[in-house]
Amino acid sequence: MSLPSTAMLVVILVTLPLAAATLLFASGRQPRTLTLAAALLLTFAALALGFNVHLEGVSVHRIGGWAAPLGIHWQVTPSGTVMLLVTALVGLAGAVYGAGYFLHRPGPEGRMARVFMPLWLFAWGGLNALFVAADLFNLYVALEVMTLASVALVALSARRMALQAAMRYLLAGLFGSMIYLLGVALLYGQYGVLDFDALAAMLDVEDAGSRAGAVALTVGLLAKAAIFPLHFWLPGAHGRAEPPVSALLSGLVVAAAFYLLLRLWFGPLAGMLTFGAGTLLGVLGAGALLWGGVLALLQRRLKMLVAYSTVSQFGFAMLVFPLAISGNREPVLAGGTLLLANHALAKAALFLAAGTLVRASGSERIGQLVGFSGRARWAWLAVILASAALIGLPPTLGFSAKWLLLQTAVSQGAWWWLGIMLAGTLLTFAYLGRLLELALLDPAPGPSPPPVLTPALLVPALLLALLACASGVWAFDFELDGETFVRLEPGS
Amino acid sequence: MRAPPSPTASDPGNGDGLMHPVEITFDALLLFSMVVLAWQGVHARNMFRAVVSFIMFGLLTAVAWVRLEAPDIALAEASLGAGLTGALLLATLGRLAPERRGARRPKVVKLSTLPWLTMGLAGTTVLLAVTLTLPAPGLGEAVLAAMPAAGVDSPVTAVLLNFRAWDTLLEIGVMLLAVIALWSLGQDVLASKPRLPAPALPALVRLLFPLFVLSTFYLLWRGGHGPGGAFPAGALLAAGLVLALLAGAQVPERMRGAPLRWALGAGLFAFLVVAVGLMWAVGTFFAYPPQHASILIAIIEIAAGLSIGVMLTALFLGGEPTDIKGGGK
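From first to last, the protein sequence lines stand for chains A and B.
FYI, in the working numbering the residues of the first sequence are 1 to 492.
FYI, in the working numbering the residues of the second sequence are 493 to 821.
If you are wondering where the hints come from, they were derived from the structure by calculation, not from laboratory data.
Just so it is clear, the structure is predicted and the values come from calculations on it, not from any experiment.
Just so you know, not all the hints are guaranteed correct.
[Said to hold, decoys possible] Ranges of calculated distance between the beta carbons of each label pair, as one might list FRET restraints:
#1 ARG32(A) <-> LEU580(B): 34 to 40 Å
#2 PRO513(B) <-> MET161(A): 58 to 64 Å
#3 PRO513(B) <-> SER326(A): 56 to 62 Å
#4 HIS54(A) <-> LEU580(B): 46 to 52 Å
#5 ARG587(B) <-> MET161(A): 21 to 27 Å
#6 MET747(B) <-> LEU163(A): 27 to 33 Å
#7 ARG300(A) <-> VAL528(B): 50 to 56 Å
For every residue, glycine included, the Cβ atom is placed at its ideal position computed from N, Cα and C.
Excised from the complex, chain A in its bound form (with noise of 0.2 Å):
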């Protein structure tokens, strides 16, 4: 058997993606074989090539075949792969729920089914653009793709409250990508490359406007990637999109942002993850980790509760910083990468399990949502199971991860590392608690006759839950080998 070659594999996952959303703009037809199909296309296409990464391991691609300084580098990582890995996962799913979900769609609402696919689409190739990209202006473009694609599908949604939280999504991306670009320029004006390799050889970590540069790159993410505090804007888009515009964003967009700083942090600007920039990423992390947990809790909409969610998950991911700080980054590096993984598939099955909870219920208050019982039921299994992930209960790929982290925080005596994450986990604990709790000993009664409730808005959720839950063993597993199942990129 030989399956395409890397290279191969790396063009069709970029350009796939805008091409069949540029065919389905154009036709103004939207022949659902075709876009699942194009869907489907981009899954094996990734699955092809986690198998050659796990075989081959990391390998660059000159694009136009010029060298480095000049031309842009893609370079495939096992991280990246994960990531790219994922999102095919996530935008499968999402495909097939968004064709179920905006079928039943009434009146002058069609025009949404209309647009999602394209929008889908452009995210999905900026999302897999970004995981390959190695280059700082290259990663600005592909950042742009991402955010655009996400504040016009957040708008989608027509009510008044998603036109407003898109409109600050757009103010505080747009934020985030001037100062990722003043901090490239920085750079660049400093060392005349963008490539990550040649920039990890040249940089001086103790240049002062090199430090600028990577602070106004930093600044840039975290705005971008929804840390306390620059997270303002990310309850109102998440919680008030579409239910499968929400599973995208919060589970694949953020986690991107929150990817590159992982690529630039463990990368070109390794050398600068000092003490002082160590803790000060992770006392933000704590921030965003009790204050998201804290709100979370007291939320009465299911969505926002889960958008909260959101904030304080990353927070736990913003740990991985401090405890990279002396030792060995490789495990904090992969468990930082199954972090999102973790994250991203459980988040959005939680989010499109949500959207048919609602649906179902005629309700966004949890109070008077359904129980556990008709269709509901596996919307709701996909809850629980979700939630196993994201409090990190083993075997799930969450477990796999905290148990990382956690074995790093103990061997280097960070116990107050460690006593945040058991809180973050306790509140992850406590907020997913009281909505099962709520919903399932107390359900309402929903509305008759009960909305019809297609296996589309039901499997999706599901299957990306279960994948959370079986894929630990796996990622555990393949740590207990003693091989890194993350290597640092070349260079670093």
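Got chain A; can you put chain B on it based on the hints?
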């Protein structure tokens, strides 16, 4: 649009020693006027004045780019920053209720300005200090060294469409995405004729429009060896089309729907077809064979230039033109 670091933009003053006093005076005046206009744009309490200040600011920024020896960016800034954005703002102003149009905006509360002002000043000072110490090496020499194999004579076009063509492809994607995003919000807001008190405009536009089209193709052709190329050409085309719309022209009936959408997507599509085609033919994504580079780049430039023109016009339209009464142009 945002061009990748241009090799011509680096080291403007070095090499020819001290600047002439006239140049210094000109630059100082330019800088002063820009600051005044920026202040007026933000603080003028009459909205119309604020918009006009903004347009003037865009024009002077273009002049500043010329002074920095970056004519490509100057062209883009003049047509987009001043022209098209200005037209958009004026159209928005025309759509506001008459009593709000010339309305005095509420005065900014003093208390909240102070922290922002301090932060802004501190940020500017730090940036200035950092920028002045930057060695700014740039990739100019690497670009010049690779020029023989680039297929075009203009270094800027070589960077945009060959060395960093992947960036440019994604940028065209961002523009198309902006159109889809805007159109997804609702119908064409300019469906009603703008009430512009300019009786001579239609005649003038009839006279000027062919010139705009001609200049567009001139800029496209020129992009191969000098300042020009798809972005400025598209912006110029858009300027002509927007002017025609302002003069009362409508999107022709037979252009609406699919033909218009294909025109919008053509640029990105041409880019993708060439890039993936080369992957299939040569084995490397976007690797132009040197003997075919010129023609392939020209194909992309023409498709992208026309698409950019239509995309910018579509942004001005504000929504997908629907089937309404009214004939062609």
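Right, here's what the structure says about each hint:
| no. | hint | in the structure |
| --- | --- | --- |
| 1 | ARG32(A) <-> LEU580(B): 34 to 40 Å | holds, 36 Å |
| 2 | PRO513(B) <-> MET161(A): 58 to 64 Å | holds, 59 Å |
| 3 | PRO513(B) <-> SER326(A): 56 to 62 Å | holds, 57 Å |
| 4 | HIS54(A) <-> LEU580(B): 46 to 52 Å | holds, 50 Å |
| 5 | ARG587(B) <-> MET161(A): 21 to 27 Å | holds, 24 Å |
| 6 | MET747(B) <-> LEU163(A): 27 to 33 Å | holds, 30 Å |
| 7 | ARG300(A) <-> VAL528(B): 50 to 56 Å | holds, 51 Å |
In summary, the structure agrees with every hint in the numbered list given earlier.
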